[in-house]
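Asker: These are the residues of each chain, in order.
4 protein chains.
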Amino acid sequence: MSNKGAGFDIDAGPPPQIRRIGVIGCGRIGRMHAGLIAAEIPGLELAAVADAVPAAADQVAESLSVPVLTIEELLAAPDIDAVAVCSSTDTHVDLVVAAAQAGKAIFCEKPVSLDLAQVDRAVAAVQAAGVPFMIGFNRRFDPGHKSVRDAVADRVVGDLHILRITSRDPAPPPPEYVTVSGGIFLDMVIHDFDMARYVAASEVVEVYARGTVRVDPRIGEAGDVDTAVTLLFHEDGTMTTIDNSREAVYGFDQRVEAFGSEGMAVSDNPARHAGWTRTREVTSSQPLPWFFLERYLESYRQEWAAFHSYLVSGGESPAGLDAARQSTAIGIAATRSFREGRPVSLKEL
Amino acid sequence: MSNKGAGFDIDAGPPPQIRRIGVIGCGRIGRMHAGLIAAEIPGLELAAVADAVPAAADQVAESLSVPVLTIEELLAAPDIDAVAVCSSTDTHVDLVVAAAQAGKAIFCEKPVSLDLAQVDRAVAAVQAAGVPFMIGFNRRFDPGHKSVRDAVADRVVGDLHILRITSRDPAPPPPEYVTVSGGIFLDMVIHDFDMARYVAASEVVEVYARGTVRVDPRIGEAGDVDTAVTLLFHEDGTMTTIDNSREAVYGFDQRVEAFGSEGMAVSDNPARHAGWTRTREVTSSQPLPWFFLERYLESYRQEWAAFHSYLVSGGESPAGLDAARQSTAIGIAATRSFREGRPVSLKEL
Amino acid sequence: MSNKGAGFDIDAGPPPQIRRIGVIGCGRIGRMHAGLIAAEIPGLELAAVADAVPAAADQVAESLSVPVLTIEELLAAPDIDAVAVCSSTDTHVDLVVAAAQAGKAIFCEKPVSLDLAQVDRAVAAVQAAGVPFMIGFNRRFDPGHKSVRDAVADRVVGDLHILRITSRDPAPPPPEYVTVSGGIFLDMVIHDFDMARYVAASEVVEVYARGTVRVDPRIGEAGDVDTAVTLLFHEDGTMTTIDNSREAVYGFDQRVEAFGSEGMAVSDNPARHAGWTRTREVTSSQPLPWFFLERYLESYRQEWAAFHSYLVSGGESPAGLDAARQSTAIGIAATRSFREGRPVSLKEL
Amino acid sequence: MSNKGAGFDIDAGPPPQIRRIGVIGCGRIGRMHAGLIAAEIPGLELAAVADAVPAAADQVAESLSVPVLTIEELLAAPDIDAVAVCSSTDTHVDLVVAAAQAGKAIFCEKPVSLDLAQVDRAVAAVQAAGVPFMIGFNRRFDPGHKSVRDAVADRVVGDLHILRITSRDPAPPPPEYVTVSGGIFLDMVIHDFDMARYVAASEVVEVYARGTVRVDPRIGEAGDVDTAVTLLFHEDGTMTTIDNSREAVYGFDQRVEAFGSEGMAVSDNPARHAGWTRTREVTSSQPLPWFFLERYLESYRQEWAAFHSYLVSGGESPAGLDAARQSTAIGIAATRSFREGRPVSLKEL
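Protein sequence lines, in the order shown, are assigned to chains A, B, C and D.
Quick note on the numbering used here: the first sequence kicks off at 1 and runs consecutively.
Quick note on the numbering used here: the second sequence kicks off at 1 and runs consecutively.
Quick note on the numbering used here: the third sequence kicks off at 1 and runs consecutively.
Quick note on the numbering used here: the fourth sequence kicks off at 1 and runs consecutively.
Hints were generated in silico from the structure; no laboratory data involved.
Note that CB positions come from ideal geometry on N, CA and C, so glycine has one too.
Misleading hints may appear alongside valid ones.
Partner residues are not named here, just some residues of chain C that face chain D (Cβ under 10 Å, in silico) [what the hints assert, rightly or not]:
1. D150
2. R255
3. S267
4. D268
5. Q326
Given these sequences and hints, build the entire structure.
Answerer: Structure (structure tokens):
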């Protein structure tokens with residue numbers, strides 16, 4: 001029997017229907033998802049963990065009191081309802097295809113693939129199997145970001161004219177990661193491409209992107225940039241500007257602003273806490289959260305709650321195949337725009 | 001093996017020393033503490049739960065997979081390091097005395113007693129047994145409030161001159177609760193009396209209190225007030241103003257401000273999230289958290305982390321016998337001041 | 001023809017009816033009022049200035065191109081509609097009486113007198129003459145403070161329960177000023193007593209005040225305090241807390257908060273401007289305005305605009321005889337409460 | 001003798017050296033400048049006004065008590081030190097040339113011309129005459145915006161990486177104005193182009209601009225757009241994003257953000273005042289200032305103070321010939337980029 005939410009949800013209504021999840025991939029993000037599923041999400045249970053390197057799964061399995069299975073065993077287990085694909089990006093498509101063929105519901109970390117044809121192969125397999133599918137764009141579930149999307153959907157801002165997204169990481173990844181990342185547009189800005197589609201609810205038709213190396217020359221030597229500005233043109237005329245940096249020394253800077261005919265909606269950065277001081281010289285408040293889990297933990301909780309609700313109640317995926325495919329497509333177009341110094345239409349792809 | 005903190009603490013240093021806690025009292029606050037201990041605090045394990053009405057413990061025991069013991073069994077269990085006294089106020093002193101005599105470390109919900117002589121009996125028993133003791137003034141562990149106390153302790157505000165505390169609940173308790181609560185000053189303002197001592201680090205020597213019935217006439221009929229203003233005079237000359245209401249319709253309003261010779265430090269209210277909108281007429285942001293756990297959950301986590309650290313490392317209690325005794329003493333003085341319409345010196349008690 | 005407001009009001013409707021003002025007293029506050037009347041307030045013209053020491057009026061008269069008159073000449077001048085009494089406090093009553101007898105409308109700086117019988121003499125003369133009278137409680141006209149009063153009057157906060165006023169000066173006055181000031185409650189807190197009556201729209205019936213010397217021992221040697229906390233009890237049950245300091249090193253700290261059954265309204269401190277920075281360590285914004293004119297210039301403009309409107313349109317004074325009398329009465333009661341260590345009823349006076 | 005600043009500057013140091021200004025052009029902006037010079041800027045005196053339609057100058061001349069001259073008389077007047085060119089844009093170059101040849105110091109409203117060759121003609125005349133020249137980019141003198149520029153210049157943000165500028169007007173101009181405006185990039189965004197150069201202190205080398213008609217179809221029929229997003233690439237690698245709208249229904253939205261290797265500096269929107277309310281449903285604060293003078297009056301004051309200081313003390317112009325020329329050049333490049341759908345290098349011009 002699950003112990004999650006104890007203490008503050010105990011009185012909250014009838015018990016949720018249980019869905020059992022197997023996590024594939026026990027790196028940092030896989031361990032986090034496994035821990036959340038095991039301990040915090042009403043209605044979800046962690047059934048097992050797997051990793052291509054089985055030993056990598058031992059510690060998390062022990063600490064969460066679940067078995068380590070091989071990937072094949074996990075996909076074949078009849079008491080597992082859904083798999084969470086948290087392995088390295090280059091393994092996503094094969095795992096999604098296998099999971100779809102095994103009839104499992106699928107949660108897949110972003111991106112499905114850096115290659116659009118590969119994404120299409122995964123999409124086709126999921127569609128053929130008719131299994132539930134959700135991609136891990138957790139920022140959709142951040143309460144502040146979601147409030148901006150809701151203000152647009154509820155027409156509080158009227159017709160959307162301009163969307164501004166700022167997304168800056170507190171510290172750059174190691175240069176060796178950059179080499180396999182697919183580049184900043186497919187690795188980092190892809191979150192913002194998804195956010196633009198999610199908030200605007202209008203497809204992106206053209207991309208113009210610029211990038212520079214300002215943070216770490218080794219990122220440039222690895223063939224990538226660490227600072228980027230992107231302009232998206234949407235089907236309905238909305239224009240989105242996105243600015244990114246691999247290093248904001250003051251913390252994890254994540255903002256969304258939707259401007260339209262009736263006003264604007266903003267998701268600002270939360271402070272670490274609400275304490276501040278004022279002296280002769282200055283009024284001082286907190287810097288921003290630094291660690292991605294300090295900033296986005298609630299979004300991961302809400303993401304899993306949304307996945308549970310989707311599994312139990314059906315309906316449209318909270319972040320479905322279109323989100324999986326289009327975010328990669330925009331990322332590829334942005335990369336091409338950056339390389340060729342011109343706006344790139346999505347139709348070119 | 002415990003599963004708490006999984007996913008985001010897995011890599012964080014050597015495993016903490018384990019301490020096992022038995023929770024006595026399975027009402028709302030006891031269930032919350034049991035849940036936190038079981039699922040979220042590295043180094044603490046929930047060993048068992050007990051309640052004067054044993055059936056009241058069944059649900060929480062089952063959901064958290066721990067046994068229900070009688071209070072006597074719990075106090076006698078050799079593998080239980082500490083007890084959390086979460087039962088009704090009138091049972092606190094006997095339980096603290098019994099736990100002390102059993103050699104258990106003690107966490108006791110506030111207040112120890114509404115009667116100063118009874119508090120003194122508990123204090124004497126704890127001192128005689130030499131066991132660790134901590135009282136549940138969770139607000140000391142709120143990151144914002146703690147930042148004010150730290151700014152005073154670190155002399156960022158220089159000499160403290162004025163302390164302002166606002167503490168307003170989102171909704172009044174039922175009138176029948178008011179009857180057994182000891183009155184607003186001992187039930188609600190006691191948190192602020194403790195906060196004043198904690199931030200100022202100077203004893204209160206005189207109290208002047210006023211109260212009115214503005215929220216619910218039934219509270220007046222029950223012999224209490226629902227709106228109060230209190231002025232504390234500290235030994236070092238600091239003056240504290242406290243204002244309280246049983247009903248702030250906009251949410252749980254909890255603020256602390258320390259003003260001194262070099263500046264001020266403030267703990268403001270956090271918003272529910274950092275989203276907002278701006279239209280032709282108004283700029284609109286979130287109201288305040290409503291539920292006490294939305295506002296203070298982090299303080300409870302930090303409180304248990306502090307208790308664990310105190311059990312493992314010793315040193316001064318994070319909220320010791322003096323906090324337990326003086327908060328009740330100030331509450332009694334405030335009640336007397338309110339009833340007699342005059343300032344009351346603590347020496348009178 | 002007046003040159004004021006040129007450039008940004010030129011197109012704004014029909015020209016206002018002109019009223020001509022004579023300013024008596026050319027110290028700092030008199031010079032400021034003369035300058036505002038001369039240059040910034042549509043509908044007002046500065047007619048002349050006077051001072052008990054005529055040479056003190058020369059510089060301001062020259063710079064504003066108006067004649068210096070004796071006080072007698074100014075009161076007798078047929079083309080002067082109103083006088084502004086800006087001389088030292090001990091001369092106010094005689095000047096108000098003389099101006100009333102001369103049939104002039106009167107603007108009088110606060111306080112009318114430190115002595116209630118003297119205030120009553122002025123009140124009687126004004127009432128006998130039937131001339132317009134306004135006392136210079138400029139903070140009533142601060143846009144933020146006024147928005148709090150409006151929120152109470154419009155019942156946005158429902159029934160008012162608690163009022164909190166913070167009023168802290170950036171730097172203490174010279175000790176020699178303290179000697180003639182009437183003490184902190186009649187000199188400084190009197191603004192807040194008026195604010196409490198203005199916002200609450202309910203008379204004060206009882207006062208409890210405490211004071212300490214924390215800022216400058218010479219203020220104590222002069223028989224006064226520099227730090228004070230006051231609790232007001234209003235006729236309708238509203239309770240007001242006021243905290244004051246002669247020295248807030250971070251600037252001029254002026255806040256009002258009205259809490260009631262439906263919510264709260266706050267007048268916060270404006271920053272000097274809306275620029276801020278965020279670095280690795282801290283988020284830094286502006287300290288507060290320091291000089292009283294930086295903080296309250298707009299209130300003085302609005303005050304004179306309100307006086308003009310009152311002269312032209314009649315109706316109730318924006319700050320009338322009751323404000324003049326009751327603020328002094330509360331100040332005397334607060335001083336007595338502080339000295340005798342007990343709550344003092346206004347009925348005692 | 002001037003009466004400006006009276007009341008609050010009377011004691012402030014030795015009198016400033018006087019410079020006498022003649023204003024040419026008595027439309028809205030010319031009247032505002034005339035009024036400020038006459039009434040508010042220490043050291044400046046309004047000497048005369050002129051307008052191509054002399055009757056247009058009568059009202060402002062009368063209200064400010066200065067003579068109306070013909071433009072020729074004004075340029076020939078020996079007691080006029082400087083002229084303010086506030087007439088329609090198409091007259092700027094001829095007037096600047098004539099004023100330079102007359103040896104007058106020149107303040108010229110932006111833009112000097114919509115045509116770069118014409119700007120160059122004005123630049124050459126000013127350089128040949130060696131007269132002081134300043135262009136009216138008032139936003140450089142806004143205290144918040146200036147604080148961002150200072151933070152960059154003082155290296156508080158380290159190396160500048162990304163600059164974000166938002167500039168949205170509260171209401172669109174009449175469509176007939178749009179026809180003669182030169183288009184949004186030369187009429188409105190030109191302020192932001194100047195801001196980008198001013199804050200970054202690095203020349204713009206390439207521009208990419210997109211625009212749409214979202215606010216008023218008549219603006220589209222007039223051949224212009226009302227919503228625009230522009231990306232600037234600077235010589236030092238800094239990237240600037242600018243977003244503009246002709247209609248922000250919530251007020252005048254003007255923000256600048258500089259992000260760099262050591263942090264960020266922001267100029268946020270000031271609220272109308274610091275009052276706010278909080279009820280069951282919402283926390284409500286002020287919308288933004290609406291009228292450009294409510295938002296930017298202080299910048300105009302500071303602009304004239306800077307002009308006075310430049311006239312008296314010499315040194316580099318606070319907004320010189322390079323600002324005049326480059327802002328037009330960037331505006332032309334942006335217009336071409338928007339029309340041709342491609343990034344445009346400044347070298348093309």
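Asker: Now, for every hint given, state plainly whether the structure supports it.
Answerer: Evaluation of the provided hints:
1. D150: 9 Å, holds
2. R255: 9 Å, holds
3. S267: 5 Å, holds
4. D268: 4 Å, holds
5. Q326: 24 Å, violated
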